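For the sequence shown, the positions run 1 to 192 when full-length UniProt numbering is used.
Don't take each hint at face value.
Claimed, not checked - Below, a list of computed lysine-lysine pairs in the BS3-like style, where the Cα atoms sit at most 27 Å apart:
| id | residue 1 | residue 2 |
| --- | --- | --- |
| 1 | K144 | K188 |
| 2 | K188 | K104 |
| 3 | K144 | K104 |
| 4 | K188 | K84 |
| 5 | K188 | K93 |
| 6 | K188 | K96 |
| 7 | K104 | K93 |
| 8 | K144 | K93 |
Everything labelled a hint here was simulated from the structure, so no lab data went into it. Being a predicted model, the structure only gives us computed values, none of them experimental.
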Amino acid sequence: MDPTDEEASANQLSSDDIEQNFLTQFSSMVTTDKEELIHQFQSIGENVNYSTATFFLDMTNWNLQAAVGCYFDFMAQNRQPSMKLLNDITVGKGEKITPNTAIKLTWLLQNNGEVAWPSGTYVSLRQIPNLREQNIPLSYEDLKYYVPAVLPNDTVTVSVQLVSPSTVGLFETVWSIYTPSGISFGGKFAWR
Numbered sequence: 001m002d003p004t005d006e007e008a009s010a011n012q013l014s015s016d017d018i019e020q021n022f023l024t025q026f027s028s029m030v031t032t033d034k035e036e037l038i039h040q041f042q043s044i045g046e047n048v049n050y051s052t053a054t055f056f057l058d059m060t061n062w063n064l065q066a067a068v069g070c071y072f073d074f075m076a077q078n079r080q081p082s083m084k085l086l087n088d089i090t091v092g093k094g095e096k097i098t099p100n101t102a103i104k105l106t107w108l109l110q111n112n113g114e115v116a117w118p119s120g121t122y123v124s125l126r127q128i129p130n131l132r133e134q135n136i137p138l139s140y141e142d143l144k145y146y147v148p149a150v151l152p153n154d155t156v157t158v159s160v161q162l163v164s165p166s167t168v169g170l171f172e173t174v175w176s177i178y179t180p181s182g183i184s185f186g187g188k189f190a191w192r
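Throw the hints in and build the complete structure from the sequences for me.
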């Protein structure tokens, strides 16, 4: 009895599956000692502990090269920008300000993280509690101040301009730095 085309195709698929399975097993056979693979995986960085190495190796069928690739792909996704306020260098800081007065706030910020701040990063108001009660024609969009891309450990001076409220009293603003997609990072900083 001659095999039909369908049977031949089915036989070919199963042999391809077997071949693929064999190649997968062969690719992880450089060493079969799991402890040695874990030790080799841990050598890629000082923050890789035993359970992390075991997780990525087990996930990739103990293929060291694939496990390392998955680890770096995962770590690249989780790296977020970071910011540290080094100094509030606003001229006249702490002085009383009369109503309807232009104010220029200035901060020295540092990228204290491991990734550069992307183009489109901005500083914006986080909350303006004492301005909400007044009829101010400004929106949060009007109070966005774009920051240049900053490499890790570099600093940047950021200045924003406001006008004090028309009434006498405490004037406080709270600011944050945001990624281009609007995710804040590095905490908040206030000015009174």
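If you test the structure against every hint from before, which numbers come out violated?
none
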